[in-house]
Structure formats: structure tokens, C-alpha cells
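Engineer: Sequence:
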Amino acid sequence: MHALLMQRRSRPPRPQRRHDGKVTVERSSQRWCSDGLEFGCDNGEPLHVTFALDCCDREALSWMATTTGYGGDVVRDVLPAAVENRFDNALQAPSKIELSRTGNRGVWSV
1 MHALLMQRRS RPPRPQRRHD GKVTVERSSQ RWCSDGLEFG CDNGEPLHVT
51 FALDCCDREA LSWMATTTGY GGDVVRDVLP AAVENRFDNA LQAPSKIELS
101 RTGNRGVWSV
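Once you know that position 73 of the sequence shown is 73 in the UniProt record's numbering, the rest is easy, because the numbers rise by one and skip nothing.
Since the hints were made in silico from the structure, they are not lab data. One or more of the hints may lead you astray.
Keeping only pairs whose Cα atoms sit at most 20 Å apart, straight-line, the calculated EDC-like set for lysine to aspartate or glutamate is [unchecked claim]:
(1) Lys22 with Asp54
(2) Lys22 with Asp35
(3) Lys22 with Asp57
(4) Lys22 with Glu45
Quick list of simulated restraints, FRET-style, between CB atoms [to be verified]:
(5) Gln16 with Glu45: 22 to 32 Å
(6) Asn43 with Leu5: 24 to 34 Å
(7) Gln7 with Asp57: 22 to 32 Å
(8) Glu26 with Leu4: 52 to 62 Å
(9) Glu59 with Arg8: 27 to 37 Å
(10) Leu47 with Glu84: 17 to 27 Å
(11) Val25 with Asp73: 43 to 53 Å
These figures come from a predicted structure and were not determined experimentally. C-beta: ideal position from N, C-alpha, C; glycine also.
Start from the sequences, fold in the hints, and give me the full structure.
Structural biologist: As C-alpha cells, then:
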């Protein structure tokens, strides 16, 4: 070979985040999750539902149904609505909210 290829830049190994499959918590408003599902309507059109749940009592905090699919804009509308519903229509929560996401559909941690 002529050794004309660019050398790879070494990257430090990524930290491993272990997920044991448990998302339940002991108190409400500690962790929320979002997910979605699809129904087939009688006319053949799909109905996509996106929702946010409390991982303690599995209460549906907010949801949105659309025929256009699961877009990021739908999730960005569902999550602030969940905060408003949980904290008495006030976008200022009693404590700092840190949103972290894992996987394709996230587990949102408070």
C-alpha cells in the first residue's frame, strides 16, 4: 500500500450506562416516560397517539393524537403540556427539571 489514507483519530471509550429495565419509581413526578402507538381507523387511515406517563402511578399526564405520524414537534408539544397538567398549569415547576432521554423513545427523568 501507499499509506495515503488519513490516520484515525483515537477517541476515548464512551462511558457505559447500564439499564436494567426498571423504570418505576416510588413517588410521583420523579420520572416520566413518553411513548406512542398507532390505531388503524375504519377508513384505513392510521391514527398515531403520543403520550407522556408518570412512571410511578402510570398516570397519563398529556397526550396528542394525529394522522401525520410521530414527529419531534408532537413530542415537544406533549411534554410542556404534561408539565402544565402536573404542576397546576404553571410552567415553573417547584424544583428544577432535568430532562434526560435514553433509547429511541425516551425515558424522561425529573
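Engineer: All hints are to be evaluated individually against the structure, with a verdict given for each.
Structural biologist: Against the structure, the hints come out as follows:
| no. | hint | verdict |
| --- | --- | --- |
| 1 | Lys22 with Asp54 | holds (14 Å) |
| 2 | Lys22 with Asp35 | holds (16 Å) |
| 3 | Lys22 with Asp57 | holds (14 Å) |
| 4 | Lys22 with Glu45 | violated (34 Å) |
| 5 | Gln16 with Glu45: 22 to 32 Å | violated (42 Å) |
| 6 | Asn43 with Leu5: 24 to 34 Å | violated (56 Å) |
| 7 | Gln7 with Asp57: 22 to 32 Å | violated (54 Å) |
| 8 | Glu26 with Leu4: 52 to 62 Å | holds (60 Å) |
| 9 | Glu59 with Arg8: 27 to 37 Å | violated (49 Å) |
| 10 | Leu47 with Glu84: 17 to 27 Å | holds (24 Å) |
| 11 | Val25 with Asp73: 43 to 53 Å | violated (28 Å) |
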